[in-house]
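K.L.:
Sequences listed follow chains A and B, in order.
Numbering-wise (the working numbering), the first sequence opens with residue 1 and increments by one.
Numbering-wise (the working numbering), the second sequence opens with residue 1 and increments by one.
Careful: at least some of the hints might be erroneous.
[Claimed, not checked] With the C-beta cut set under 10 Å, the calculated list includes, among others, these residues of chain B facing chain A:
(1) I64
(2) L84
(3) M104
(4) T106
(5) E109
(6) N117
(7) A158
(8) V162
(9) G193
(10) D195
These are calculated hints, taken from the structure and not from any lab test.
Backbone N, C-alpha and C fix where the C-beta goes; we use that ideal spot for every residue, glycine too.
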Amino acid sequence: MGAGHHHRLHLPGDSLVHRLPPQCKLAAVVCFALVVVATPREWFGLFAGYGALLAAVAVIARVPPGFLLRRMAVEVPFVLFAVALPFVGSGERTPFLGLSLSVAGLWAAWNILVKATLGVLASVLLAATTDPRMILLGAQRLRLPSLLVQIAMFMLRYLDVILAEMRRMRVARESRGFAARDVRHIPVIARSAGALFIRSYERGERVHLAMLSRGYTGSMPVLADESASSRQWLTAGMLPGVALAALLGVWGLA
Amino acid sequence: MSAETGTGTGTVPSLEVSRLAYAYPDGTQALFGVDLRLERGERVALLGPNGAGKTTLVMHLNGILTAGHGTVTVAGLPVGRDSLMEIRRRVGLVFQDPDDQLFMPTVREDVAFGPANMGVRGAELERRVVTALERVGMLQAADRPPHHLSFGQRRRVAVATVLAMEPEILVLDEPSSNLDPASRRELAEILRGLDVTVLMVTHDLPYALELCERSLILSGGVIVADGPTREILADPELLAAHRLELPYGFAIPGGAGAGRVGAGGAGDM
Numbered sequence: 001m002g003a004g005h006h007h008r009l010h011l012p013g014d015s016l017v018h019r020l021p022p023q024c025k026l027a028a029v030v031c032f033a034l035v036v037v038a039t040p041r042e043w044f045g046l047f048a049g050y051g052a053l054l055a056a057v058a059v060i061a062r063v064p065p066g067f068l069l070r071r072m073a074v075e076v077p078f079v080l081f082a083v084a085l086p087f088v089g090s091g092e093r094t095p096f097l098g099l100s101l102s103v104a105g106l107w108a109a110w111n112i113l114v115k116a117t118l119g120v121l122a123s124v125l126l127a128a129t130t131d132p133r134m135i136l137l138g139a140q141r142l143r144l145p146s147l148l149v150q151i152a153m154f155m156l157r158y159l160d161v162i163l164a165e166m167r168r169m170r171v172a173r174e175s176r177g178f179a180a181r182d183v184r185h186i187p188v189i190a191r192s193a194g195a196l197f198i199r200s201y202e203r204g205e206r207v208h209l210a211m212l213s214r215g216y217t218g219s220m221p222v223l224a225d226e227s228a229s230s231r232q233w234l235t236a237g238m239l240p241g242v243a244l245a246a247l248l249g250v251w252g253l254a
Numbered sequence: 001m002s003a004e005t006g007t008g009t010g011t012v013p014s015l016e017v018s019r020l021a022y023a024y025p026d027g028t029q030a031l032f033g034v035d036l037r038l039e040r041g042e043r044v045a046l047l048g049p050n051g052a053g054k055t056t057l058v059m060h061l062n063g064i065l066t067a068g069h070g071t072v073t074v075a076g077l078p079v080g081r082d083s084l085m086e087i088r089r090r091v092g093l094v095f096q097d098p099d100d101q102l103f104m105p106t107v108r109e110d111v112a113f114g115p116a117n118m119g120v121r122g123a124e125l126e127r128r129v130v131t132a133l134e135r136v137g138m139l140q141a142a143d144r145p146p147h148h149l150s151f152g153q154r155r156r157v158a159v160a161t162v163l164a165m166e167p168e169i170l171v172l173d174e175p176s177s178n179l180d181p182a183s184r185r186e187l188a189e190i191l192r193g194l195d196v197t198v199l200m201v202t203h204d205l206p207y208a209l210e211l212c213e214r215s216l217i218l219s220g221g222v223i224v225a226d227g228p229t230r231e232i233l234a235d236p237e238l239l240a241a242h243r244l245e246l247p248y249g250f251a252i253p254g255g256a257g258a259g260r261v262g263a264g265g266a267g268d269m
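Chain B on its own, in the form it takes in the complex:
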């Protein structure tokens, strides 16, 4: 939907992170020079074990944390103090716990919160709310308080709150966590139907395979692999080296050959 907005033509990537390093105030270094590039319309999974720096990286994408070193650029606009508002419109962050994300008394008000902060009012605001809720199939719940919804419904509403801002890129933190199989499938269908760039942070490898053609592995604060999801998941040594595992009994459908994926991309240490 936002394919025509933004600054440039198809050649400008949705997201470009270059040489991003960050240390927490207490001195713990979390990121050691991350490079990644997402083209417009791509769906990419960011895989990594706990403590790899995934959440820290996500916090940089919309300027909640500011880079110690390096740059983050969203559709041609660098993240900086003066561009924060526009960056937060362009980058839609869906948090892991929908109770953190849905803080307004009703679903409708919550979905309206983001666009209203951007100055959208009246009929246009109403249109945004209705469109976003329709896209996640939750329009009938518009006037209900979020805490009366099921967990899966809340997760979907959380996606809608971000969609209402018509973002350039959708960033989801563990979208499949705590969902029952049906909710998990419903969310996958919704995500597949969106025409925005998606970066999905997860360690649910089958989910990544289902939704994303491309995957990155973040481990120890750097990108250690970048390639087609199928090839990355078919490399047990690579996965094992970074504390990632396919669930028991899971075989990659279609029986892809075990193509060895090296430390692709620009993330070599």
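Bound conformation, chain A alone:
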């Protein structure tokens, strides 16, 4: 039901992963990312292992690989940055296909690419299996600063309202023969953006009044505060747990 028109990241389902309480999943993803980041970049085998772990989660959650790949697009800027590194890096250089690449740059690029990919993949899996609203609920239950959670919550609620307002302003502009074609039109767009900001600000004030009218005193009432069972924590903990065990194991051997 909550799968809104705009939350394309979420893939509703009823798997083991979907049913886990959001706070467990959130904590698991953060811990997994920490383990990944803490892994020395030379230990290729471990990264393959981490990837296999995420693949296993995706299989359990019945998230198709194509869906994951398309949502990985957010990583593109990092990829571009990483690709540039071997060319601009300094120090020892190695020839490759007629190009001279920096060895240090290659290592740095590999480091960024593999860690970012694993982190993004874990996040996309979290978003795919958890309703955005539930992620916020999880953040609230993990005792994240309530002000931040509230800001994110309002963003989720009012994104559509503000987009609709933006659309109306564009239609109003175009109805009077305006079309943004070149640089000279930037001031018009900028003024629209300013007006949108003022409108949103005023709406914020009205929403605040509405909240005060219903007894808001600075913190959101925590409704249905179901805490997760230790079993659920254990299930969610498997992802970072196995990753950490592997890391420590290899460390012990090295």
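Since the structure of chain A is provided, determine the placement of chain B on it from the hints.
P.N.:
Chain B alone, transformed into the frame defined by chain A:
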């Protein structure tokens, strides 16, 4: 529903405003001594042109603005800094734009917001949410996000968010604005079925006639008329003097005589 709650017996009015004056921080005087009294269970329309001070008055009723001079009393409890929480439970404000009122991710959470702030939890909270949504016929939408509802549905949910607090008095700001005729009629049926005191701020005169036996006209920061809606609407001079007009072609049903309504009540300047 809240007829037995509150402090007193039937003799305590739901709302009593006396000599209320207010100037905005920039010095603009909006209210010049407003007096009004609503008995328990009454449905009263507050009519007035744009800029008459209607919204300013409404903001005083639950203590969002505090009186520069004069008092507001809700079911015997004066509005003051120490009584704010209880006042906001007793006075349910329904804002004009439901998008301002519905700020939670789902309808259910939004309706639960008010009572939860009052400390209601668990089964009682669930009962309040279900009852409030049933009374506006929106129970089936409980788990939907507000922005996926139609405008009329959102307005009804906004009424439910306030009903869930079991208020002494319901204050609606322009309840019929932007509603299509069917939604307008549905809302009227809902409001008529409620057993709470209602103060309806509007310039939709037929709507006032349909729902409220009594009307007040607020103009220039004072109450200039107070009487049966039918008589007030039958007085074209009074309406014209305060920038109010019946819609074209509208005749008061039943052909009431044009009883002249003077500056009734206690609002004389």
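K.L.:
If a hint holds in the structure, say so; if it doesn't, say that too.
P.N.:
Hint-by-hint comparison with the structure:
1. With a least beta-carbon distance of about 6 Å to chain A, the hint placing I64 of chain B at the interface is held under the 10 Å criterion.
2. Hint on L84 of chain B holds. Least Cβ distance to chain A is approximately 9 Å, under the 10 Å limit.
3. The restraint placing M104 of chain B at the interface with chain A holds, with a minimum CB-CB distance near 7 Å, inside the 10 Å limit.
4. At its closest, the beta carbon of T106 of chain B sits 7 Å from a beta carbon of chain A; the interface hint therefore holds under the 10 Å criterion.
5. Checking E109 of chain B against chain A: minimum C-beta separation of about 6 Å stays under 10 Å; hint holds.
6. Taking 10 Å as the C-beta cut-off, the interface hint given for N117 of chain B holds, the closest approach to chain A being about 4 Å.
7. At its closest, the beta carbon of A158 of chain B sits 9 Å from a beta carbon of chain A; the interface hint therefore holds under the 10 Å criterion.
8. Restraint check, V162 of chain B versus chain A: the minimum CB separation of about 7 Å is within 10 Å; hint holds.
9. Residue-level restraint check for G193 of chain B is violated (minimum Cβ-Cβ distance to chain A is 22 Å; threshold 10 Å).
10. At its closest, the beta carbon of D195 of chain B sits 21 Å from a beta carbon of chain A; the interface hint therefore is violated under the 10 Å criterion.
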